[in-house]
Amino acid sequence: MLESPLYSELQSAYRKGHSTEMALLHMLNGVYAAVDSKRAAFLVALDISAAFDTIRHSLLLSRLETDYGVHSTVLSWLESYLTGRQQIVKQGRHSSASSPCTAGVPQGSVLGPLLFTAYVAPIGRVIESFNIGYHQFADDTKLFVAVDTPDTLTSLSRMTECSNAVQRRFLENDLLLNGSKSEAIMIGTTVQLKSADAATTTVSIAGASLPILKELKSLGVILDDHLRFDRHVRAVVKACAYHTHALRHVRHLLTTELATTIACSIVATRCSTMLQKRHWTSFNAPRITWRVSSHAARDAAARSHCWNRCTSFPFANAASTAGYSDLQGPIDRHAGYLHSLLIPRAPARSLRSGSAKRLIAPLTRTVIGSRAFSIAAPTVWNALPSTLLV
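Residues in the sequence shown are numbered consecutively from 7, following the numbering used here.
None of these hints come from the bench; they were simulated from the model.
Please note: incorrect hints may appear among the correct ones.
Unchecked claim - Straight-line Cα separation of at most 20 Å, SDA-like style, residue types lysine to any residue; simulated pairs:
#	residue 1	residue 2
1	K44	H345
2	K44	H232
3	K200	A152
4	K220	N137
What the hints assert, rightly or not - Distance ranges between label pairs, derived from CB positions:
#	residue 1	residue 2	range
5	S115	L264	40 to 46 Å
6	L264	K200	37 to 43 Å
7	S392	T208	52 to 58 Å
8	E263	T372	27 to 33 Å
9	R237	H100	41 to 47 Å
10	D73	R351	32 to 38 Å
11	R240	P217	18 to 24 Å
12	L264	A103	16 to 22 Å
13	H251	K200	37 to 43 Å
Virtual Cβ for every residue (Gly too), placed ideally from N, Cα, C.
Can you build the whole structure from these sequences, using the hints too?
Laid out in structure tokens, this is it:
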């Protein structure tokens, strides 16, 4: 077993990297909190060119040793994993001569994202020195600052200085921050955005002038400037409709059980969130799966435990599930950054219900603020029966 500080760090990074929902919840929590405090949220998604391919092996191994305490046999294992690799370029039947791969970490591997996370982790200290919030998810880096709309230019100027410093530090580590491919968005209420638009419509990031967009894609979710998620819902419904239509063509080759499994997978992986338009997909897929009329499909879907489970999973349940996971096990087994947002409630006096693990649900000024993980998770959690919280 890997007994070193790196073990918990990399295991935490690995689990974060395999839970985009938790990463997204944490990032949006800061956005919702800013809007609730009557400030707009300015978000910049940084683009790193060929991120996994340019990592310097010697610097990575040195950083693992000095920053994370990896040494001796474990360090030798990692060195042998990284070095001695060959690469070729193949086109059809033709291929180039092999050449040594002297930089980078293997993509598509378990260790690849972990080693990359360890390699770029020091950049967080640079970002924090500018009093800028950030969230790193493998090679996906987001910068975040709450903006007082009457003084928008000051906050954007600080973001510009921060991005320039990050670009310089990346260059020192053989990484290229591509400012022209980065994206920026201002999120807030209609009044906040109107005030911010009057101040500026562009921002300078890593030497490039970027327009402030109305929407951008983060961790597979399309974020709009009002966080209504309308565009994301349309994209999800479109993807589900495409795969449901494809299922129709092969349905006669499948058993009912297999068709049900595939249909549930299509809906559960794409339509586990939201809203009204989801019901059209949830309604159409069972009609194809069970080969019955529309009205009968509705009854069949209601009787199917699997189908009800995979199409009835709103955001609140996702929040409470994440909260349950963080409360029930050691922090290093789950996303510690979400755990820090959950504050246990200590009763003022001894009660029979005192053994139940209740949480403090902070007050909010706005409806949009109540959608933050730090608010929604405790609210849903506290609404559960006491017998489940012992």
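Exercise. Against the earlier hints, flag every one the structure doesn't satisfy and list their numbers going up.
Key: Numbers 1, 4, 5, 6, 8 and 12, in rising order.
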